[in-house]
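A.B. asks: Read off the chains here:
6 protein chains.
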Amino acid sequence: MTELLLINPNTTSSITELVLKTAKEFAGKDTILRAVSGAFGPRYIASRVGYAIAGHAAVDALARDRGRKDAVVLACFGDPGLAALKEIAKVPVVGMADASILQACAIGQRFSIVTGGERWKPMLEEFVASHGLSSRLASVRTVAPTGADIARKPKAALALLAKGCRACVREDRADVVILGGAGLAGLAAKLKDVVDVPLLDGVACAISMAESLARQKLAKAKVGPFSAPAPVESIGLSPALARALR
Amino acid sequence: MTELLLINPNTTSSITELVLKTAKEFAGKDTILRAVSGAFGPRYIASRVGYAIAGHAAVDALARDRGRKDAVVLACFGDPGLAALKEIAKVPVVGMADASILQACAIGQRFSIVTGGERWKPMLEEFVASHGLSSRLASVRTVAPTGADIARKPKAALALLAKGCRACVREDRADVVILGGAGLAGLAAKLKDVVDVPLLDGVACAISMAESLARQKLAKAKVGPFSAPAPVESIGLSPALARALR
Amino acid sequence: MTELLLINPNTTSSITELVLKTAKEFAGKDTILRAVSGAFGPRYIASRVGYAIAGHAAVDALARDRGRKDAVVLACFGDPGLAALKEIAKVPVVGMADASILQACAIGQRFSIVTGGERWKPMLEEFVASHGLSSRLASVRTVAPTGADIARKPKAALALLAKGCRACVREDRADVVILGGAGLAGLAAKLKDVVDVPLLDGVACAISMAESLARQKLAKAKVGPFSAPAPVESIGLSPALARALR
Amino acid sequence: MTELLLINPNTTSSITELVLKTAKEFAGKDTILRAVSGAFGPRYIASRVGYAIAGHAAVDALARDRGRKDAVVLACFGDPGLAALKEIAKVPVVGMADASILQACAIGQRFSIVTGGERWKPMLEEFVASHGLSSRLASVRTVAPTGADIARKPKAALALLAKGCRACVREDRADVVILGGAGLAGLAAKLKDVVDVPLLDGVACAISMAESLARQKLAKAKVGPFSAPAPVESIGLSPALARALR
Amino acid sequence: MTELLLINPNTTSSITELVLKTAKEFAGKDTILRAVSGAFGPRYIASRVGYAIAGHAAVDALARDRGRKDAVVLACFGDPGLAALKEIAKVPVVGMADASILQACAIGQRFSIVTGGERWKPMLEEFVASHGLSSRLASVRTVAPTGADIARKPKAALALLAKGCRACVREDRADVVILGGAGLAGLAAKLKDVVDVPLLDGVACAISMAESLARQKLAKAKVGPFSAPAPVESIGLSPALARALR
Amino acid sequence: MTELLLINPNTTSSITELVLKTAKEFAGKDTILRAVSGAFGPRYIASRVGYAIAGHAAVDALARDRGRKDAVVLACFGDPGLAALKEIAKVPVVGMADASILQACAIGQRFSIVTGGERWKPMLEEFVASHGLSSRLASVRTVAPTGADIARKPKAALALLAKGCRACVREDRADVVILGGAGLAGLAAKLKDVVDVPLLDGVACAISMAESLARQKLAKAKVGPFSAPAPVESIGLSPALARALR
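Residue numbers (numbering that gives the first Met the number 0), protein chains in the order written: chain L, 0 to 245; chain G, 0 to 245; chain D, 0 to 245; chain W, 0 to 245; chain R, 0 to 245; chain S, 0 to 245.
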């Protein structure tokens, strides 16, 4: 049995449910899934300020969770708070964007990302660069509706997304495309037939990477940047997070 | 008259005061300085989880501030929340680490950073890399006491810091050294005679860069990643920040 | 049911069996594994010339295999022939080194590789560079015995390998270590308690990445560098490979 | 009181005067400015051969100057002789292009440069690369008239420059633009309203960076590449420069 | 007297003869040339699988050759097996693509490659990257006919190739262009008048680099990655290659 | 017949003669060599200020030369003025350092440079970086005596240089070493037996690269950064150089 905790660091529970539903489709039979949302912050993350708040919300959500888990999935494509979660979690933490770009690299030489919300383009380019993988990135293409918009009306967005994916292949020479974004969970299956290269679903990548790491029963780092940090006093945080820092 | 707001995103007001005092020494005569601390979060930032919370605290502090300002200085060496602040502020925002590494690049070819708290070493290496400047970085050297420790007992740390600075020059071939960290504000002046290359004070760099940008009266971006983001609903934030997002 | 074909491109069947045995320990319950060895070439790969021959042996082995498979694992740490296999295989192909460095990147910021055979050090450094991940590589450390030597006498090598892994953490600042090499399959489990950061087994990484890709039922690229190449006449190849090229 | 020496390494005194006039507009009240031109070389720098000569002219100009100065500004966008000046000057030396790209990096993530003279495009791309900042460069766009042409007839060039700046934002995704070139000094103020992101004037950036460095009273490097070089005999140089080398 | 062995790792002797003929035109008077073809493999190399086989064929061809030689030229633009050849050869080995990109770098700042066969575009981009020279690459442009097609009907391809070369200069800003591909040997002379920058013939570059290295009588590496590897047993190889490995 | 002009941009004719003598040893039989020295500047180049002057001296020397030449060799290891010479010369121009690092890359994967004069270390590191080849550089090691010192007393320096070369191999893992510096011309032959990897003489590399480019009768660029620049008026230059600019 592998138990995974999904953390959606935004505050829209319908998106959390969508991700959880999609995750269940991709998860192995002996994987148990739970999901939580951020306790505070914007309804969806579509800007740098939302991203900054979501990093705090993500660590807060982990601190509040008392259930058993073998790995954690950070279910926002862009992974706000990922490094902080790795530091304080006792089990492996997988970011949805991180897992997706790594699996894309296992498949092809040049990957593209298609997602919703125009501000994500530079944010994801910087994300890929900060992971040292710019030389593998063919392009990031965004469609105007945000992930939250797409989650509400997925059908309306399919044609736009298909067009974006195809442009990645034809114009940007991607040999693998990632459909990213919590709000886009599950749409890759609907688009794969119209894209000429493998099309990855961010949720599927995150779940399988988390299952893989959980199954390997990797030890928590005892030293270095992802070992548990020294305790520190705090003010104004949720009791659970304050306790986690102490 | 140039008015600068200093934001210390941690929650220790004595460090905020130390930074403000040092900033006043370096500021021009017609510069007016104010400083605020984070409303929540750890007492000092010495880990990735603290860093994640501080990004939220920094934007919250800006949203709460109603005073006039011509530029904002983010006074934590490592600059949590810098990109988010640039997005929502109407005036230029300067990060203390960012301003320091840029001024170091104006002076020499290879810079080193010396600061307090061992976890800052990988965090600052990643910071420099994410700014595209790894090829200019000679080294990051940390001393064991955190910035907060050093702020409390600066004299005890001077010998350690001097040793670190000299190693940057002799072993890592730095031709300019930055003494970083809010808690180390003002110490560069005490160490400059024992270091054989220019020694920069992070606070001095931040203040002068902010004065310079303020004086140029640069327009706020109307498009692109640092223009004002689209409004978004939120829950659980301070009223000021919720209003700023809307 | 997921069926995986393991290709060991060297010509030592005991190593093929060792890898297969280790792979079975890590594979999911509904995964079926088969393994084949190279039909020609050196007994083990420990040089560039062996690596060049093994690339041919790998594609030859795939062409000869007529069994059903949902994904292919190239079970030589260094992945000779990986791009060629991706081109001609109808299913996803996972390289053992590639899968390992990608999973290491999911866990930490800086990874090291420990393996047997001194010539692998520059070869693996170039491998990591060619995948665009040099900025994430802390170090490659090799021990003098080759993978084949270690496969024969694993106990003798354990102390050497442990020393190498610990040096990666202490001296090279790795926050995750990969124990690479077909001949080292299974040894990570024996060493994990003496290494202070997560220790990855190359075989485990490859198997789980292959299972993940197989489960996602990704389409074969119809265009681009990993689509099926144009047919070409040949001479002097095995009938199976000649047929595969035609 | 801060005294700055501006060195225009070309030999057109009207451009020197234009830079000096613009510099005075941006300088602080307690800054005193002087400017000198090159004693030999082309009338303006618009090629690599002119650039090579200007490097010599710049160090010659510094050697000839006997006035007091707290910092030196090299007032040719492209900074010929910058490293050599840093080596022999006793005070900080700021290059106009260098200061501009560094301040641009403090403001945005991707900067563009607009200047006059088509040969400057590859020269400035190489300049940015040699400073390790290519990953931050959105584009260099040049207009056909040289800086000298523009200095003579600024109004004729405004529309062309505006078009170039806007293309940097719309097509190259710059989030900050630098108007570079001694001959373009002061034009940014006239164009800022038609550009949707912050527009930097190269002279303003250089002056404020020089004031900042001068105010910090940084020590001259005693060791390393920017310390004073060993004396060397010479022939055929101006008496002042020969003396400076000895 | 300098004796050079040309290895064409594909199996089409008419291409081997074409390369030899072109090589003789460029070689010095006291250079003696011989050429051999691969003993097995595809008729021409136009895919990754062909490339993998050709690496083996190249080392096999060297092992079979018993003649005297002062240097070896690997006469397939893309250099399959180059590192392996360097390892086992007692004399310098020059790759045609490698020599061409290095000579291009001696001439200009940004080079382009024009060749036949569409799959070579990503393969050559990766080749250039793996040599650390991506920052110097302006573009790779391919025409649809493969090198083998062009060798058969060179006149038909001239207009296409000219168009490609000119696009490299005008659109990609190359300041030097390489006409690569064994099948294109000798065509640069016919196209140089219609291209506005220096146009390099891959064969000419390889021959002159090999002559230069041979003339310098460089010692074979006694240590490191290009020294002779440890002996290893093998199966299924040609007797000559098996002997070379032992 | 190939005629080469060697330009030594420093002003010590005995070094010019030493380079010419060494060049003759490496040149082909049908190569005719001439050499000129700089008309002004320091006696030797061992600092950035000397380097800046030498760039001017190099273009001045070319402008003064009225003899026939098929290629030009810039015979100072570090290549001051190389890009400017390429711009104004009608024939190919080869820099001694540039040719050496490119030939080193043809031989091995990681090269080191050993030369005289401690300030050359950072200057050559920057040179290699500006050519995009930092990923291939194992190290630059300098000995304390300058090139001029070594030219005067070569025997005294041999042991120091041998030690440096060996350290490049053993400690820095170079697989090819360049002995650079005009003053070190010819010493590689004396040291090759004590270095375990190929040892390149900078003069030999430059001569053979120049012969190769000359023999290919490459056209002068008609467009782009190395085509002839637009004419420009000047003051204070030698009549020959002033004429060349006009």
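Treat each hint with caution, since some may be false.
Derived lysine-lysine pairs resembling BS3-like cross-links, with alpha carbons at most 30 angstroms apart [claimed, not checked]:
no., chain 1, residue 1, chain 2, residue 2
1, W, Lys221, W, Lys191
2, G, Lys120, W, Lys162
3, L, Lys221, D, Lys154
4, S, Lys89, R, Lys221
5, G, Lys219, W, Lys89
6, G, Lys23, W, Lys216
7, S, Lys221, S, Lys120
8, L, Lys152, D, Lys216
9, S, Lys162, R, Lys28
10, W, Lys221, G, Lys154
11, S, Lys221, R, Lys216
12, R, Lys28, S, Lys120
13, S, Lys162, R, Lys23
14, D, Lys162, L, Lys221
15, S, Lys219, R, Lys219
16, R, Lys221, S, Lys221
17, G, Lys219, W, Lys154
18, L, Lys154, D, Lys23
19, S, Lys23, R, Lys189
20, S, Lys120, R, Lys191
21, W, Lys162, S, Lys221
22, W, Lys219, G, Lys23
23, L, Lys221, G, Lys120
24, L, Lys216, D, Lys23
25, D, Lys216, L, Lys20
26, S, Lys120, W, Lys89
27, W, Lys20, G, Lys28
28, D, Lys120, R, Lys221
29, G, Lys191, W, Lys154
30, D, Lys89, L, Lys219
31, W, Lys191, G, Lys221
32, R, Lys120, D, Lys89
33, W, Lys219, G, Lys219
34, R, Lys120, S, Lys191
35, W, Lys219, G, Lys120
36, G, Lys154, W, Lys154
37, L, Lys162, D, Lys89
38, G, Lys120, W, Lys221
39, D, Lys162, L, Lys219
Just so you know, the hints here were simulated from the structure itself, not pulled from any lab data.
A.B. asks: Please go over all the hints and tell whether each is borne out by the structure.
C.D. replies: Taking the hints in turn, this is what the structure says about them:
no.: 1; hint: Lys221/W - Lys191/W; verdict: violated, 42 angstroms
no.: 2; hint: Lys120/G - Lys162/W; verdict: violated, 44 angstroms
no.: 3; hint: Lys221/L - Lys154/D; verdict: holds, 26 angstroms
no.: 4; hint: Lys89/S - Lys221/R; verdict: violated, 42 angstroms
no.: 5; hint: Lys219/G - Lys89/W; verdict: violated, 38 angstroms
no.: 6; hint: Lys23/G - Lys216/W; verdict: holds, 16 angstroms
no.: 7; hint: Lys221/S - Lys120/S; verdict: violated, 36 angstroms
no.: 8; hint: Lys152/L - Lys216/D; verdict: holds, 26 angstroms
no.: 9; hint: Lys162/S - Lys28/R; verdict: violated, 39 angstroms
no.: 10; hint: Lys221/W - Lys154/G; verdict: holds, 26 angstroms
no.: 11; hint: Lys221/S - Lys216/R; verdict: violated, 38 angstroms
no.: 12; hint: Lys28/R - Lys120/S; verdict: violated, 40 angstroms
no.: 13; hint: Lys162/S - Lys23/R; verdict: violated, 42 angstroms
no.: 14; hint: Lys162/D - Lys221/L; verdict: holds, 17 angstroms
no.: 15; hint: Lys219/S - Lys219/R; verdict: violated, 37 angstroms
no.: 16; hint: Lys221/R - Lys221/S; verdict: violated, 46 angstroms
no.: 17; hint: Lys219/G - Lys154/W; verdict: holds, 26 angstroms
no.: 18; hint: Lys154/L - Lys23/D; verdict: violated, 42 angstroms
no.: 19; hint: Lys23/S - Lys189/R; verdict: violated, 34 angstroms
no.: 20; hint: Lys120/S - Lys191/R; verdict: violated, 40 angstroms
no.: 21; hint: Lys162/W - Lys221/S; verdict: holds, 28 angstroms
no.: 22; hint: Lys219/W - Lys23/G; verdict: holds, 25 angstroms
no.: 23; hint: Lys221/L - Lys120/G; verdict: holds, 17 angstroms
no.: 24; hint: Lys216/L - Lys23/D; verdict: holds, 16 angstroms
no.: 25; hint: Lys216/D - Lys20/L; verdict: holds, 19 angstroms
no.: 26; hint: Lys120/S - Lys89/W; verdict: holds, 22 angstroms
no.: 27; hint: Lys20/W - Lys28/G; verdict: holds, 24 angstroms
no.: 28; hint: Lys120/D - Lys221/R; verdict: holds, 17 angstroms
no.: 29; hint: Lys191/G - Lys154/W; verdict: violated, 48 angstroms
no.: 30; hint: Lys89/D - Lys219/L; verdict: violated, 38 angstroms
no.: 31; hint: Lys191/W - Lys221/G; verdict: holds, 12 angstroms
no.: 32; hint: Lys120/R - Lys89/D; verdict: holds, 22 angstroms
no.: 33; hint: Lys219/W - Lys219/G; verdict: violated, 37 angstroms
no.: 34; hint: Lys120/R - Lys191/S; verdict: violated, 40 angstroms
no.: 35; hint: Lys219/W - Lys120/G; verdict: holds, 27 angstroms
no.: 36; hint: Lys154/G - Lys154/W; verdict: violated, 59 angstroms
no.: 37; hint: Lys162/L - Lys89/D; verdict: holds, 26 angstroms
no.: 38; hint: Lys120/G - Lys221/W; verdict: holds, 27 angstroms
no.: 39; hint: Lys162/D - Lys219/L; verdict: holds, 20 angstroms
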